[in-house]
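Asker: Here are the chains, one letter per residue:
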Amino acid sequence: MSGTVTDVRDVLGIDPGALEPRQPPLKKQRTVEKRPDGITRELYALLGENAPPVAVVEHRFKDKPKFLGSVAPWREQTFKNPARKDGLELKHWVRQSSLQETSGGGIDGDQEGGGQQTLPLDYQFAKFNISVNLLEYSDAEYDAVLKDDDWSRQETDYLFRLIKEYDLRWVVIADRFEFEGKDRTMEDLKARYYSVCRNVMEMRTPVTMMSAEEGALYSAMHYNKEQEVERKRIVQMQLYRTPAEVEHEQHLIAELRRIHDSHQQLLEEREELFNRLDYPQSTGSIAAYQGSQGLATLAQNILNTDRNKKRKSIVAPPGQPAEKEEPPAKATPAAAAAAAAASPAVSRQGSIAEPARAHGHQRNESTASASAPTPLKDKNKSNIKQLSKAEEAQYNLSHHEKLQPGVFFRTMKMNLPKANSFINKSPAIMAELNIPQILSMPTSKTCAKYEVLAKEIAALMDIRKQLEKVEQETRIFKTQEAMGGDRSKRSASVLSDVSRSSKRPKKEK
Amino acid sequence: MASTPQMSGVLPPTTKPAELEYGGDEVSALVLDPGTGTTRCGFAGEDTPKTCVPTSYGIVPDPEEQKYFGKLKIGENPINSVVEGMEIRNPMSEGIVENWEVATEIWRHCIEYRLSSRLEEHPLLVTEPIWNPLKKREKTTEIVFEDFNAPAYFLVKSAVCESFANSKPSALVVDMGHAYTSVTPVIDGIPLRKGSDRTTLAGQHLTNQLRHQFSEMGIRMAPWLTLKSKTTYTDLAAAPPLRTKDFGFQPHQSFLDLQQDRFIHEFKECVSETWPEAKTFPADINNLPDNFRGIADKAFEFPDGYQRRFGIDRFLAPESLFNPSVSPKAITGDLPKGIAEMIKDSIDHLDADIRANMLNNIVVVGGTSLLYRINERLNHELMTMYPGPRVKIHSPGQIPERKYSAWLGGSILASCGAFHQLWISKQEYDEVGANIIERRAK
Ligand SMILES: Nc1ncnc2c1ncn2[C@@H]1O[C@H](COP(=O)(O)OP(=O)(O)OP(=O)(O)O)[C@@H](O)[C@H]1O
Ligand SMILES: [Mg+2]
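These protein sequence lines map, in sequence, to chains A and B. So in the working numbering, spot 447 of the first sequence is number 447, and the numbers just go up one at a time. So in the working numbering, spot 5 of the second sequence is number 1005, and the numbers just go up one at a time.
Only chain B is shown next, with the shape it has when bound in the complex:
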């Protein structure tokens, strides 16, 4: 390539940086990171996704019509507007795509509508969870080549992207998302199967726990959208009557749940806090020992105007991530392992030689990892479990980097010069069929 002239300081805009310096070679690829909470999409080489669309969609089921594509409501605004009979559903289950028609529509919406890009022009990189079964991977391949007609495509594990986004080829990736918290050991960019694990103790679990906790407290959970106005009050017994809007119909329960999720999410962001130490959370929060008296209160106002100060009870739901037995809403069936135990089990599955290295390179990402002081707790738990080796948690300091780590890693990968030999081309797909994904992207 052109020898770049010797320049000090910033390169002038007419000069191209020496390629091998950053190893990048952008081929205008798109990166798609479909999660249970949100689907993120953008151009490879950028540092944040251009668009972030809720994965939930609205639908007005019509018993007569079989095809309902015209009625799909995709995007932040459509799903949050009050429509008679609109149900809110999610095309993902267990972190993987269940409803392909809708997922395809959402992806198409992201790329064609939000990014105004033509699907057939850009190579497409899609992320997937480690437990994505072969059938689903083949289906994704089919959609990308048959429906989208993409020139090239690749499917990467999101854990690999997340470790790359934190500039680590080898790491123990802990992704605390919406539906799942997963642990994946990654060695030189290859995820290990033994030692990977997941649990539902994640954002959605937290939301449901909080919902239960609030209703136990007797709080009216009317969402903003259904209220005409509010009057602030602090005494639940003397609550003023609710002034609800009259839509002329009753919005569907799933829609109301989604609206509740919105202020519960706000509660998670502002009030919830993780107890920073392992094993010291008081067993009975109604009978606090004296040394727990000094906990700082935080105030929260519910949409109907109810104001309440939360003390130790704001630690309760996050505590259930680590210690499921203290959940506000008792978990039915087998009690899952706490997140820290899951990480320990994962590490104990690994080869003895790499355990110390993994403990030293724990990457924690995902929306739920933004919970206040959750990393502190994780660190404390792991330090008590492994007092000998060095435990180090790496978590991006920037909020977007933590939320969009998987996307960011994909963006880095797809704009990397050495990656371009890995793309699965349309030609290869035509020759081999959907099974090519198993051969090329293990």
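If we strip away everything but chain A, and leave its shape as in the complex, we get:
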């Protein structure tokens, strides 16, 4: 965890009261906004910057649950189902009040007098009694267009009866179809049914006269038996693949996806390259820059963009010194030197404490350093002892232009590659190299080395990937060559075609 403000004050030895107390933020004037209709209170509370609702706890018993209305008796009631023709009367239990409501509602006037003998006629489940609308043919129609050598009138009638009974569920119809021991497949049945339908439709209204709806139905009825048989054969083949085939197929799919992806990437990269090679073409007019003032603004603009670019590029890693004109400041080493000059016992502690703080090096000693007297820079500036490089190294002293407030681990500040692939794969490579993931002694030197190492690993990974890709491509081309030079040539030309076409629109712009 990073330290809080008070931690820092502690470390610096500043009296907690010295700082002026934070001004409490001005109380916002609470405006009671009107809640728009259609939004529940809870939802609305989540939307705005409202204070959390305050729960008022009262010390009393819970309210009695409020049931709606009084307890209504239930009555066993006979009812008729209009979906039945025989008038079977069954009994079910109905709540009295709902009975009154419905009969009072006047759905069926004559129920009033009879008391609660029967329910209103519209039994709610009767509406599920639906059946499909099927085409029917007359004798004349049959004789005119439906005669078939293979199908007798009786068999056709039987088929249509079955279809009506099973609501066009072909699987069931084919299962139940039994006519004089004939062996009919589902395709036979379907072909007959659809041909009958089409013929009858055509006879009733010639194709040219059909309305759009009829026409659509007419063409939907077109049934290609051979195609269906073939399709089912393929479906069946699909079902009985061996495990090896299944595996092979999955492998092929994965491979295809990979090839597709890399191809896509290739195209993208190529496009990017083209974009880079194309010099930017001016689109606007240059009239604005013709005067001397215009030129000055242009120069200013270019300078600004330049500066922005530079700034971005110089977000230097923390390990490196920032680009500033001042040479390594003297203030910090001076303070350290002062501490070193003080009494041996204290100085030892101080000298560790100081660099520790200066570094943001938070170990166990940091707590000790908090309590240790911290030499203040200004006071001791006069009696500074200049340390040599070797001494600085010995005390693990370093110079910083600007210190980040708070305490933190140095390892947290390391500048490691951020790419996912690095995060995922670097542990394995580290293990390969016999380097522990976590630095056991993260001094600034080791950290710097570690960063360099990480960058190299990232580079290594990149190179490996590139190599893999290139190898893959060579493999593909080799196989293509093996499969026939002709085809490889063609695919190569396709590739260049694609790249050309991807390039063209850019040019036009």
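Worth flagging that the hints you see were computed from the coordinates, not collected in a lab. Predicted, not measured: the structure shown is a model, and the values here were computed from it. Don't take each hint at face value.
[Stated by the list, open to error] Residues from chain A shown here face chain B by an in silico Cβ test under 10 Å; the list is partial: (1) R84; (2) L90; (3) F125; (4) A126; (5) D167; (6) M186; (7) D188; (8) Y240; (9) R241; (10) P243.
Built from N, CA and C at the ideal position, the CB exists for glycine as well.
Since chain A is already given, all that's left is putting chain B with the ligands on it; use the hints.
Answerer: Okay, now just chain B with the ligands, sitting in the frame of chain A:
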């Protein structure tokens, strides 16, 4: 209907749930599911049958008297009490009713005695196996309307109920019961004839195999009821003498068999296990390869006090369901197909378009499907048979739901508002006769 007021949470007891929400409309129907092992009966709309009576009955045959109804022993207690000369019989054969007088009595016993309900007041839904012939269906219709005087009645295939109970309109239903294991493809609640199949590799077969296996081992199969006390022992060679009760007569062999079935059933429940993989069961269990050594033993105590640890031999009888050639007791005649092969044959009979769907919706129910790891085995067998398409076995996790799936589906059906137009009414029966069943319930 009444508009139900807007309420959050649980409805107060005075408010009726919106009907169309669950589509239920209860007409206090009864549901009867007669199986070879047990006959189950209860009120439609409930989730388990109120009563479950063994279908076996006891009878003391009297050569002089033709009518023996007074002497029928029906129910768990009567058939398990020792009565001189009492024989145990079963009115069902091949999963369908053979002895109508007795079956009628058992059904009447369930409804009038166990449920205390009046037959003529409730619509009655009865389940039947898919292979029930027309004659039997007409006979059932006759009994329900003539003897029971029911106001309305319907006969559904148990496979359809089982697929409904697992909330599937289309499924390949595998029912592993007592006498039969059956496979039935169901499409939109309609069972298909082609593709349905059955085999006797089920609970009874398993019981008989185990009985044979035990006697081969030299175990004394004296049932609890005939023993005065037991002394535990583990060495068969040094078995203490049996201390049997003296009834003053010898109970009938069928009665003793029934009593043996009881502890064999317990063995099935606790010790038997299905080998979870296809084709890897060791051919010779006396000469086990090294990689089979780690099989966990399970102990079982027989009624006479004999304690034994069962290792690979507890897999043997269940294995015969899938691979009949390894049965402890060699099967005479043609070797039947194993259960998995039967399912495969059934699927191969179906239209190519629905096969993948059926494989994805295999519903496994019935008492024998409770055999430990049987679904795992089934899954493995089917996956090896069909490596391409997705194979998915649906089996209720709750034991009662699996045992009483057929009943539960019937209960759902008979309490469904849209079902009430299907009932065959007494009036329709009077008009058309018993043949109405063929027209209305195909
Ligand atoms: N836990 C269990 N383990 C193994 N077998 C069991 C278990 N529970 C029940 N069984 C067996 O299941 C069989 C009963 O199954 P079920 O009740 O489904 O048959 P049924 O419907 O009466 O008969 P059928 O459907 O064949 O006419 C019996 O043989 C019983 O031994
Ligand atoms: Mg059953």
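Asker: Would you mind marking each hint as holding or not holding in the structure?
Answerer: Structure-based check of all given hints:
Using the Cβ-Cβ criterion of 10 Å, the hint placing A:R84 at the interface with chain B is satisfied: the shortest such distance is roughly 5 Å. Annotation: A:L90 was flagged as interfacial toward chain B, and the flag holds, the nearest CB pair being 4 Å apart, inside 10 Å. Because the closest C-beta pair between A:F125 and chain B is about 4 Å apart, less than 10 Å, the hint holds. For A:A126, the shortest C-beta to C-beta distance to chain B is roughly 7 Å, which falls under 10 Å, so the interface hint holds.
The restraint placing A:D167 at the interface with chain B holds, with a minimum CB-CB distance near 9 Å, inside the 10 Å limit. This hint holds: A:M186 has a C-beta 6 Å from the nearest C-beta of chain B, less than the 10 Å allowed. Taken as an interface hint, A:D188 does not check out: its beta carbon lies about 13 Å from the nearest beta carbon of chain B, beyond 10 Å. Look at A:Y240: its Cβ gets to within about 7 Å of chain B, closer than 10 Å, so that hint holds up.
Annotation: interface hint on A:R241 holds; nearest CB of chain B at approximately 4 Å, less than 10 Å. For A:P243, the shortest C-beta to C-beta distance to chain B is roughly 4 Å, which falls under 10 Å, so the interface hint holds.
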